[in-house]
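**Q** Residue numbering for the sequence shown follows our numbering, beginning at 90 and increasing consecutively.
Treat the hints as calculated values from the structure; they're not laboratory data.
Incorrect hints may appear among the rest.
[Stated by the list, open to error] Think about it this way: if two alpha-carbon atoms lie no more than 25 Å apart in a straight line, the pair counts; the simulated PhoX-like pairs of lysine-lysine are: (1) Lys352 - Lys341; (2) Lys429 - Lys393; (3) Lys137 - Lys161; (4) Lys429 - Lys352; (5) Lys459 - Lys399; (6) Lys161 - Lys136; (7) Lys137 - Lys173; (8) Lys381 - Lys466; (9) Lys373 - Lys352; (10) Lys393 - Lys373; (11) Lys400 - Lys381; (12) Lys136 - Lys94; (13) Lys381 - Lys429; (14) Lys399 - Lys381; (15) Lys170 - Lys137; (16) Lys404 - Lys393; (17) Lys161 - Lys404; (18) Lys349 - Lys337; (19) Lys400 - Lys428; (20) Lys429 - Lys404; (21) Lys373 - Lys459; (22) Lys393 - Lys352; (23) Lys466 - Lys373; (24) Lys400 - Lys161; (25) Lys399 - Lys429; (26) Lys404 - Lys428; (27) Lys352 - Lys399; (28) Lys334 - Lys352.
Quantities reported herein were computed from a predicted structural model and do not represent experimental measurements.
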Amino acid sequence: MLLKKLPENLGDPEKFLIPCDFPRMDVCHALADLGASINLMPLSIWKKLSLLELTPTRMTLELVDRSITRSKGVAEYVFVKVGKFHFSTDFVVMDFEADPRVPLILGRSFLRIGHALIDVYGEEITLRVNDEVVTFNLNQTTRYSSTYDDLSVNRIDIIDVAREEYAQEILGFSNNSSGGNPTSTSEPILFYSSSSLTPFEGSDFILEEIKAYLKDESISSEINHADCDPEGDICVDKLPMIIAKDLKVDEKEALLKVLKSHKRAIAWKIIDIKGIDPRFCTHKILIEEDYKPAVQSQRRVNPKIHEVIKKEVIKLLDARMIYPISDNPWVSPIHCVPKKGGITVAENENNELIPTWLVIGWRVCIDYRKLNDAIRKDHFPLPFTD
90 MLLKKLPENL GDPEKFLIPC DFPRMDVCHA LADLGASINL MPLSIWKKLS LLELTPTRMT
150 LELVDRSITR SKGVAEYVFV KVGKFHFSTD FVVMDFEADP RVPLILGRSF LRIGHALIDV
210 YGEEITLRVN DEVVTFNLNQ TTRYSSTYDD LSVNRIDIID VAREEYAQEI LGFSNNSSGG
270 NPTSTSEPIL FYSSSSLTPF EGSDFILEEI KAYLKDESIS SEINHADCDP EGDICVDKLP
330 MIIAKDLKVD EKEALLKVLK SHKRAIAWKI IDIKGIDPRF CTHKILIEED YKPAVQSQRR
390 VNPKIHEVIK KEVIKLLDAR MIYPISDNPW VSPIHCVPKK GGITVAENEN NELIPTWLVI
450 GWRVCIDYRK LNDAIRKDHF PLPFTD
């Protein structure tokens, strides 16, 4: 029996980096990312390069951890020198901590401009301009990607570390790296690993702010939060927790005590849930196999209703309840229906009295009828037991 020889099992070639030359930067490499539709630049690099003013944009980005963040703007016509070539491209600027040696991400738009050819087997990336070619070998740039390896920790390891830290914190001890013996510690409720909170030394910021907000009754008698939009009922997330006003004084103090002693057990954002796959925290709609995606165009509306829809969409975008998607296979139209507040009697053109609904406002709805028809009807995934 003759068997064909199977290809050799090879390992991961790791990341493809492109060396870039910028003034006032000694070493700068960019990650070639075929999965990115934009070019990304940290805000710190934009300030360091003293580029032109950013073009405002409402673009929001979905990161690998499924968290949504908003960009600072777009840096247009940025000259990038790669080897002997010069390219002009746009960068989306976002405020995040990046590797100082590999701070940039070059997406498909830049790779298309440079006629990039990525040879995964040969571990090379080639850029072409007219008849000139420049090739970068993976071995020449691997030494600059060490920080990425430091960040990509094993999920098992990070669960073990979080478990040990949490157990020691509950017991009131922390490891002393110099002596090796555990020492008692007392920390404020504010934990420094969360990027959404700002440390205030010498004061228990969270405790003081919560007590101050408990005295504020200007917005609602149910929610203890002063940063609310009364018209849209949208709360701005500036404090890490919301406490109901109907709690008694001893209940509030007990709750604050529990929150303070178990601060590591609270996930302020999805990224703080260590070791948990973001897919467990996201909603997924299952579609029947025999249905195809449907893209419906927006129906024409009069200027008054168009302004109502525009205002509602902008309000939801600012509250980060929705975010734009450029290539969504399902697009449903928006409808605007009136809110009826009763019946009155009015005269028509023939001087006849007819009943008429009073319109007290408008409600923005989305026509999900085609999507609902395509959704898998598995209302009862568990078997019935009599």
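**Q** Taken at face value, is the distance from the CA of lysine 136 to the CA of lysine 161 at most 25 Å?
**A** Holds: lysine 161 and lysine 136 sit about 12 Å apart, inside 25 Å.
**Q** Would the hint linking lysine 352 and lysine 399 be met if the CA-CA limit is 25 Å?
**A** Roughly 40 Å separates the two Cα atoms, so the pair is violated.
**Q** Do the alpha carbons of lysine 161 and lysine 404 lie within 25 Å of each other, as the hint requires?
**A** holds, 18 Å
**Q** Are the Cα positions of lysine 429 and lysine 404 separated by 25 Å at most?
**A** The hint holds at about 23 Å.
**Q** Quickly compare the C-alpha distance for lysine 381 and lysine 466 to 25 Å and report which way the hint goes.
**A** holds, 16 Å
**Q** Does the structure keep lysine 349 and lysine 337 at a Cα separation of 25 Å or less?
**A** holds, 18 Å
**Q** Starting from lysine 429, check that the Cα of lysine 352 is at most 25 Å away, please.
**A** violated, 47 Å
**Q** Run the distance test for lysine 137 versus lysine 161: straight-line Cα separation, threshold 25 Å.
**A** holds, 15 Å
**Q** Take the C-alpha atoms of lysine 137 and lysine 173, compute the straight-line distance between them, and say whether it is at most 25 Å.
**A** holds, 23 Å
**Q** Starting from lysine 170, check that the Cα of lysine 137 is at most 25 Å away, please.
**A** holds, 17 Å
**Q** Is the hinted pair lysine 400 and lysine 161 satisfied, with a Cα-Cα distance of at most 25 Å?
**A** holds, 22 Å
**Q** Check whether the Cα positions of lysine 466 and lysine 373 lie no farther apart than 25 Å.
**A** holds, 14 Å
The structure does not agree with the numbered hints 4, 9, 10, 11, 12, 13, 14, 22, 27 stated previously, though it agrees with the rest.
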